[in-house]
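Spelled out from the first residue to the last, the chains are:
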Amino acid sequence: MMPYIDYKTLIPRTVIWVMIALFLILPAFTTNMITLSIFISSGIWAIAVMGFVLILRTGQFSMGQSAFMAIGGYVSAMLTVKLGIPYWPGFLAAGVVSGLIALVIGVIVLNAGGIYFSIITIAFGEIVRIVALNWEAVTRGAAGILTSPPAPITIGNFEINFATSVVPYYYFMFLLVTMAGLVFWQIDRTRIGGTFRGVAANPMLSEHLGVHLMKYRVIAFAVAGVFTGLAGAYYVTFLSVITPLMFDLWKSMQIVMMSIVGGISSIVGGALIGATVLYTLGVYLSRLPIYNIQYLLFGAVVVLVLLFLPKGTGLVDLWGKFWHKVFREPEEYEIPEESEMAVE
Amino acid sequence: MPPAGIWVDGLVQSCIYVTMAFGMVLVFSILGILNWTHGQFYMLGAFVVYYAITAAGIPFPISLLISGVIVGGLGMLVEKFVIERLSVPGYGMLYVTVATLALIFFFEGAAGMSFGLMDKGMATVLPGVLDLGSFSISYQKIAVIIFTLVIMAAMYIVLNRTKVGLAIRAAAQEPVAASLYGISVGRVSLIVMGIGCALAAMAGGIIGPVYSVNPFMGRIPMIMSLLAIIIGGLGSLTGAIVGGIILGLLNSVIAYKISYFSEVALFVLVILILLIRPQGLFGAPAK
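As they're listed, the protein sequences go chains A and B. Under my numbering, the first residue of the first sequence is numbered 1, with each subsequent residue one higher. Under my numbering, the first residue of the second sequence is numbered 1001, with each subsequent residue one higher.
A portion of the hints provided could be inaccurate.
[To be verified] Below, computed lysine-lysine pairings styled on DSSO-like, alpha-carbon distance capped at 30 Å:
hint	chain 1	residue 1	chain 2	residue 2
1	A	Lys-82	A	Lys-215
2	B	Lys-1163	B	Lys-1257
3	A	Lys-215	A	Lys-251
4	A	Lys-251	B	Lys-1120
5	A	Lys-251	B	Lys-1080
[What the hints assert, rightly or not] Far from chain B, by Cβ distances over 10 Å, these chain A residues were calculated:
hint	residue
6	Thr-154
7	Ser-240
8	Ile-260
To be clear, the hints were calculated from the coordinates, so they are not data collected in a lab. Beta carbons are placed, not taken as given, at the ideal position from N, Cα and C, and that holds for glycine.
Starting from the given sequences, assemble the full structure and let the hints guide the process.
What follows is the structure, encoded as structure tokens:
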């Protein structure tokens, strides 16, 4: 169905480790709240994008991913605000509830694959939004729920205080993205990821080879649901408010665009690049003085990326190709010359 | 039993959904994609009609035609420069889907930037109501219903009585065989995209005076016509018409009973239809 480029041979491990180290010490250079906020939000969206790409690996096109963010956010907000449960158990519960809902929905609807699945997920996302908007007794409707930051964590003399600075949010986002990235990467590179691709490429053949299609589709959908729910719960805490408008259909579409612009050949790298680029673009565009020009430019940039970048790969492959051209090419051309010399 | 006015409102909504769903199915049957930007062409059509009437003083029926031509041309440009270039064999329809999703943001941003975000009303286009004793219908709503009937009749004639229609039907059934018989499938795609977008634009133009015109008016009709297509069966023109009528009436009648949650009821209904009969009411069974 789609070509996947194995880009990890193109980019050496060192570069990836240097990038990770740079991001790890970023708050040492700047504690500017806006810069860090952009990175925090990008990381959170990147987790949702990874979930979308995992579902895409099984050949299904989910257009309701932000609904799981909404579910995670509402579960976490309601547990902490209404029931007074501490933040972290509520955060984990958000992931569990979101994953369970994804599991149930997946078991019911994943039989209708392809475009029907897309439309069912749109319908599901709209149902979640409308219920959140109108069930005012629980969700407080359009006014939304205000949440407070997690309680300070004290380790010895060192106190991690979420209320005074965004740096703890940044590091926790880093932890969350790393965990999600490791899980998605492991799923993608091991046998189960291969089965996902097989299910996508030829469902009938996979079924004849004894692969239970539904099982793998549901696994992908539920795993994506868990991490998307966690991302939603964390996003709500970071913004300290949740309203139904934060996670509507248009946010699901943004997730789709982020995944394609970043590139779907690499589940973690593409998601991170796509989410960071598009989120940062959105933030900077919204500072332009002309009203609504940000939507126009956002759409234009996505279409141009699709038109002019290599298909099926997005920005990830651009990076890989650049690396290949600049640093790898001389070595590869030396070897044939030597062998020709030897023949002569 | 809801009062008759509710049914009339439902019928007016049905007409819009039918017109939009018809265009979407037409595009789907030839190009094999769902055009997610359809709602934005509807919105642009309403704006063209609004400015043709208020700024240029062109009569309402002619400005409808103008909006069809302009937005149809825009749809052709989109087909030529975006959809055709992204329909690379072997990649599925992923890129076209994402490109049309991005175009939603593009067109909404363009409309918001150039026309402003405020609701624009043009209630004085066809003033007056038809009094029918217990209830009354405004002339504008009657115009919507008549317009839809005329458009559907015209589409029936185009598809069944002309050479272009023959080419469209042939390309929808067997693209390869059609191209072997000298039909340019690329040109048919262009024509179909133009027709579909023109239908959406005229639907937006005719409904503009009933509701109001703003850059985000295309979102709900797009989702609704999508659901209409699913109810009727993907790829079936009859299905699009029947699905649109069912959906508009249901939306209006259920909203009368349970207000806010009517959309939830509709979405649940569509999910149930998909689970019980995935090919829809009129669709061909899945292979």
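These are the hints, each one checked on the structure:
no.	hint	verdict
1	A:Lys-82 with A:Lys-215	36 Å, violated
2	B:Lys-1163 with B:Lys-1257	47 Å, violated
3	A:Lys-215 with A:Lys-251	28 Å, holds
4	A:Lys-251 with B:Lys-1120	27 Å, holds
5	A:Lys-251 with B:Lys-1080	28 Å, holds
6	Thr-154	45 Å, holds
7	Ser-240	27 Å, holds
8	Ile-260	4 Å, violated
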